[in-house]
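Colleague: Make a model of the complete structure from these sequences and hints.
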Amino acid sequence: MSDDFAIDVHGLVKRFGSKVAVDNVDLQLPRGEIWGFLGPNGSGKTTTIRMICGLLKASEGSGTCLGFDILREAAQIKALTGYMTQKFSFWGDLTIRENLEFVARLYCMPDTARTVDETLEKLELTHRQHQLADALSGGWKQRLALAAVTMHNPQLLLLDEPTAGVDPQARRDFWDEIHRLSLEGMTVLVSTHYMDEAERCDRIVYLANGRKLAQGTVPEIIEKSGLFTYQGRGPGVRRLAERLKGYPALKYVAYFGAALHISSSSREAIEAAIARETAPDVTWSETQPTLEDAFIAMMDDAGIDQREHA
Amino acid sequence: MSSPSQILQRIKAVFLKEMVQMRRDKMTFGMMFMMPIMQLVIFGYAINNDPKQLPTAVLVEEQSPITRTIVQGLANSNYYEFVMQTDDPRETGDLLARGKVAFVLSIPAGFTAQLLRGERPQLLIEADASDPTAASAATAQAQTIIAQALRHDLKGGLASLSGQPPPFDLVVHRKYNPEGVTAYNIVPGLLGVILTMTLAMMTGMAMTREHEYGTMENLLAMPARPGEVMVGKIAPYAFVGAAQTAVILIAAKLLFNVPFIGPLWLLLFGVMIFVVANLALGFTFSTIARTQLQAMQLTFFFFLPSLLLSGFMFPFRGMPDWAQIIGEIFPLTHFLRLVRGVMLKDVGFLQVLGELLAMGLFTAIIVAVAMLRYRRTLD
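First to last, the sequence lines map onto chains E and L.
Residue numbering for the first sequence follows the numbering used here, beginning at 1 and increasing consecutively.
Residue numbering for the second sequence follows the numbering used here, beginning at 1 and increasing consecutively.
One thing to keep in mind: the hints can contain errors.
[Claimed, not checked] Straight-line Cα separation of at most 25 Å, DSS-like style, residue types lysine-lysine; simulated pairs:
hint, chain 1, residue 1, chain 2, residue 2
1, E, K141, E, K87
2, L, K100, L, K52
3, E, K122, E, K87
4, E, K19, E, K212
5, E, K19, L, K26
6, E, K87, L, K233
Hint data in this document are derived by calculation from the structure and do not stem from the laboratory.
Modeller: Shown next as structure tokens:
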């Protein structure tokens, strides 16, 4: 059963003192898929990833990662997993080449020099291999980190906000690489705050306050939210926004670019609200709810004040 | 332009922020109060530049009221504390070399008869002068102390013997360092001090650096076991220790002419154990400290008492018993005895076995603590 799953964990709980960081999370990630891990800061994404790869011991719950017990067989899991930390955590005072050599040796890979040469070539960093890693820009550091954590051909890739602070072009290249690795059979769990990245995943898991609020494909999650969304355009939307926020039936009133989005689980509630709060220079039209609309509505349903996590 | 009240306002803002940050760093805050207390106790109570009650063995080949008076007189002076008395020269043999006693007093057979005949017999004090400070005051006073003690016995018909010169000839052998050259004591000691300072601190900082820069998470996510990380991180500093040893030994010979009469292999063996002890200590500090600064503070916290109580700066045997017991904990104490023993006294393996075992025990305990504390996870 767990052979079909790269990650198969049940009821994971992690407490730090009296604080519950992860609360009863189940996760069954089939081999070969790319899953997105979403949720506000402090929702427990990093903690869950660390429990899966054996960096933290779960307070409760059990499960396997690549067929190995996450509580007792961390060493085997580490050998088959590539984990890219949120913060760049390679050695800035080593050169690019030295960093890769260190990793290759630590994983006991045969022919370190050739492996590193090939990796450098693939990275297109051969000409810069003797520069210190600290001298690289954010985008390049992230590429180096990805190359380093995939050099030993792991079966599972755990990426913790890998594209934070990286420019759009670098992000796109990065995701191309993720898809390429996935085609080779690698399973990927990637946490992100970017909705466009979430949409590149086979499936997404949404975590808030340590609990799993939703799981599924993007259309499934939007569908499941049962939301209706209207979009208002025109110079008067700014004045309307404050007034519309006073309607409890409207779950979500927010700007999308110059447009104002209002969402509710009741179409009537929206239509009633925009009928009362008219403005001559605003035009309304119904639109498809976005993933973000769905997430914020879900947090609202779960009783979580989104401003705490803004 | 800023008004004076604005200037004060901003100073106050920085002041308050600094106070909060100072209090929040519990380790630094604790050290700021522990350090002065520790130093007060050590300098105030433990250290004595005019060391008294130095352990002394007495070899008496003849028992008589006169010899008893001499021993009693020296003991009463407080400079000497007689820890053993024997009439067999074999028993006092290597006590001095092993540093168990600071002096050996020998009263030869026939001493009393010769004294009474006015022949000024010889009385021998052998002093361990490898630490010149410890030996000097006690030996300088010995002649006067003995003459005064004898004055009570030499009365009536013997009163003529209590004048000047005294009725005996006190011979002082300042062994191992007859000229009392301070460098002979300091330079071998420095080897231990420099190794402690650099190795414990460098190892501690090398490990905490991984925590501070966030690279530890990466290291833990890769399949390296704690023992492997420990050995791999420590080994480079073992080479640093070897290089430092070579530099100091060469300098001792070429610059300070410190004699080196014992076996080199024994010294290097001792250095090896001592280096391992300090590397393990640094590693243990790194499992306690969160930052490089804290690792450095911990090193100093350990280094200061070990410097002061090991016998490097002040005579070990001149300290009160409790300070000597604490001193015995530090590897530096045992290392100093070993280095001075091998370089200046030509001691053999068996004579320093106790010091080697003490350092080995310290290392074993420290390594055990380090392995227990090393975090395999980020918990």
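Colleague: A separate judgement is required for each hint: does it hold in the structure or not?
Modeller: Tested hints:
With a C-alpha separation of about 10 Å, the suggested pairing of E/K141 with E/K87 holds against the 25 Å cut-off. About 15 Å separates the Cα atoms of L/K100 and L/K52, which keeps this hinted pair within 25 Å; it holds. Using a Cα cut-off of 25 Å, the hinted pair E/K122 and E/K87 holds, with the two alpha carbons roughly 23 Å apart. Taken as a hint, the E/K19 and E/K212 pair is honoured in the structure, with Cα atoms around 17 Å apart against an allowance of 25 Å.
Under the criterion of a C-alpha separation no larger than 25 Å, the hint pairing E/K19 with L/K26 is consistent with the structure, at around 22 Å. Our distance criterion of 25 Å between C-alpha atoms is met by E/K87 and L/K233, whose separation comes to about 23 Å.
Against the hints set out earlier in the document, no violation occurs for any number.
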